[in-house]
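K.L.:
Modelling step: build the complete structure from the supplied sequences, incorporating the hints.
For the protein sequence lines, the chains are A and B, in the order given. Going by my numbering, 367 is the number at position 11 of the first sequence; the sequence numbering is gapless. Going by my numbering, 113 is the number at position 91 of the second sequence; the sequence numbering is gapless.
Careful: at least some of the hints might be erroneous.
Under the rule of at most 27 Å between Cα atoms (straight-line distance), these lysine-lysine pairs were calculated in the DSSO-like manner [as the list claims (entries may be wrong)]:
#	chain 1	residue 1	chain 2	residue 2
1	A	K398	A	K414
2	A	K398	A	K413
3	A	K413	A	K424
4	B	K77	B	K42
5	B	K86	B	K63
6	A	K378	A	K462
7	B	K88	A	K462
8	A	K424	A	K393
9	B	K63	B	K88
10	A	K398	B	K42
11	B	K63	A	K462
12	B	K42	B	K88
13	B	K63	A	K378
14	A	K398	A	K462
15	B	K36	A	K398
16	B	K86	A	K462
17	B	K88	A	K398
18	A	K398	B	K63
19	B	K86	B	K36
20	A	K393	B	K63
21	A	K378	A	K393
22	B	K63	B	K42
23	B	K88	B	K36
24	B	K63	A	K427
25	A	K427	A	K462
The set of hints was computed from the structure by calculation and includes no laboratory data.
Here is how the chains run, residue by residue.
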Amino acid sequence: GENVEQHPSTLSVQEGDSAVIKCTYSDSASNYFPWYKQELGKRPQLIIDIRSNVGEKKDQRIAVTLNKTAKHFSLHITETQPEDSAVYFCAARGPNSGYSTLTFGKGTMLLVSP
Amino acid sequence: GAVVSQHPSWVICKSGTSVKIECRSLDFQATTMFWYRQFPKQSLMLMATSNEGSKATYEQGVEKDKFLINHASLTLSTLTVTSAHPEDSSFYICSARGGRMSSYNEQFFGPGTRLTVL
Numbered sequence: 357g358e359n360v361e362q363h364p365s366t367l368s369v370q371e372g373d374s375a376v377i378k379c380t381y382s383d384s385a386s387n388y389f390p391w392y393k394q395e396l397g398k399r400p401q402l403i404i405d406i407r408s409n410v411g412e413k414k415d416q417r418i419a420v421t422l423n424k425t426a427k428h429f430s431l432h433i434t435e436t437q438p439e440d441s442a443v444y445f446c447a448a449r450g451p452n453s454g455y456s457t458l459t460f461g462k463g464t465m466l467l468v469s470p
Numbered sequence: 023g024a025v026v027s028q029h030p031s032w033v034i035c036k037s038g039t040s041v042k043i044e045c046r047s048l049d050f051q052a053t054t055m056f057w058y059r060q061f062p063k064q065s066l067m068l069m070a071t072s073n074e075g076s077k078a079t080y081e082q083g084v085e086k087d088k089f090l091i092n093h094a095s096l097t098l099s100t101l102t103v104t105s106a107h108p109e110d111s112s113f114y115i116c117s118a119r120g121g122r123m124s125s126y127n128e129q130f131f132g133p134g135t136r137l138t139v140l
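P.N.:
As structure tokens, this is what we get:
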């Protein structure tokens with residue numbers, strides 16, 4: 357099955373700096389890569405996603421890049437703010453995943469200091 | 023749109039009792055629902071996937087007789103933790119997904135249920 361690795365596990369930045377979280381996946385057939393933000397005790401919220409026919413997608417301060425050849429994708433947050441502090445999960449899904457399930461990375465705890 | 027609710031939001035029960043958690047898609051029909059378990063500071067672990075009207079597919083290592091899943095309608099799935107024990111204490115999160123032709127083809131998560139077994 358699919359295996360998703362996520363790094364780093366924790367990331368501390370100063371307000372205004374950029375943050376980058378990286379994920380790799382194992383199943384070359386995976387074609388959908390969402391990123392979720394989860395605040396403590398709350399549900400994961402989809403913040404951005406990318407499909408395999410696109411190399412980059414941007415939404416205001418957040419962007420995601422995908423390298424299909426290398427099987428890795430990254431989340432980029434610019435001009436970080438304290439409210440960006442949360443756990444971020446990457447995920448991958450593809451036609452070989454059975455019932456189209458998402459496989460999640462282990463998460464990255466982002467701490468943005470004022 | 024795409025609102026998924028869970029009930030209860032938290033529950034405390036005695037060891038040996040059973041607990042039922044409901045997951046509802048409020049504004050779309052969920053052909054597929056997923057149940058996850060999340061331990062503190064860890065990722066979401068898929069427990070099972072259920073399609074409306076059919077039996078759930080459980081992930082390896084998840085006991086189907088202990089975690090009973092019912093997906094009787096396109097808007098409701100239930101997870102029953104039978105004979106709960108302290109090690110079952112966790113955050114249980116459901117997610118729902120519409121069909122391929124649906125506007126809600128992606129997974130939308132419920133708010134989660136925190137189960138504490140004494």
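K.L.:
Would you mind marking each hint as holding or not holding in the structure?
P.N.:
Hints, verified against the model:
Note on A/K398 and A/K414: the hinted pairing holds, with a Cα-Cα distance of about 25 Å set against a maximum of 27 Å. Of the supplied pair hints, the one linking A/K398 and A/K413 holds, its CA atoms being roughly 26 Å apart against a limit of 27 Å. Between A/K413 and A/K424 the CA atoms are separated by roughly 14 Å; this keeps the pair inside 27 Å, and the hint holds. Of the supplied pair hints, the one linking B/K77 and B/K42 holds, its CA atoms being roughly 17 Å apart against a limit of 27 Å.
A distance of roughly 25 Å separates the Cα atoms of B/K86 and B/K63; the hinted pair therefore holds under the 27 Å criterion. A hinted pair counts as satisfied when its Cα atoms are at most 27 Å apart, and A/K378 with A/K462 qualifies at roughly 11 Å. Proximity of B/K88 to A/K462 is assessed by CA-CA distance (about 25 Å); at most 27 Å being required, the pair is judged to hold. Of the pairs offered as hints, the one joining A/K424 and A/K393 holds, with about 23 Å between alpha carbons and a cut-off of 27 Å not exceeded.
At roughly 24 Å between alpha-carbon atoms, B/K63 and B/K88 fall within 27 Å of each other, so this suggested pair holds. Note on A/K398 and B/K42: the hinted pairing holds, with a Cα-Cα distance of about 20 Å set against a maximum of 27 Å. With a C-alpha separation of about 9 Å, the suggested pair B/K63 and A/K462 falls inside the 27 Å cut-off, and the hint holds. Pair hint B/K42 plus B/K88 holds up; C-alpha atoms about 12 Å apart against a cutoff of 27 Å.
The straight-line distance between the Cα atoms of B/K63 and A/K378 is roughly 18 Å, inside the 27 Å bound, and the hint therefore holds. With a C-alpha separation of about 17 Å, the suggested pair A/K398 and A/K462 falls inside the 27 Å cut-off, and the hint holds. Of the supplied pair hints, the one linking B/K36 and A/K398 holds, its CA atoms being roughly 25 Å apart against a limit of 27 Å. Pair hint B/K86 plus A/K462 holds up; C-alpha atoms about 25 Å apart against a cutoff of 27 Å.
For the suggested pair B/K88 and A/K398, the alpha carbons sit about 25 Å apart, so the restraint of at most 27 Å is met. The hinted pair formed by A/K398 and B/K63 meets the criterion: a straight-line CA distance of about 13 Å does not exceed 27 Å. Between B/K86 and B/K36 the CA atoms are separated by roughly 21 Å; this keeps the pair inside 27 Å, and the hint holds. Restraint check for A/K393 and B/K63: satisfied, since their Cα atoms lie roughly 13 Å apart, inside the 27 Å limit.
As the CA atoms of A/K378 and A/K393 are separated by approximately 14 Å, the hinted pair is consistent with the 27 Å bound. As the CA atoms of B/K63 and B/K42 are separated by approximately 24 Å, the hinted pair is consistent with the 27 Å bound. For the hint linking B/K88 to B/K36, the alpha-carbon distance of about 16 Å falls within 27 Å, and the restraint holds. At most 27 Å may separate the alpha-carbon atoms for a hinted pair to count; B/K63 and A/K427 meet this at roughly 26 Å.
Proposed proximity of A/K427 and A/K462 is supported: the alpha carbons are some 17 Å apart, at most 27 Å.
The structure meets every hint from the earlier list without exception.
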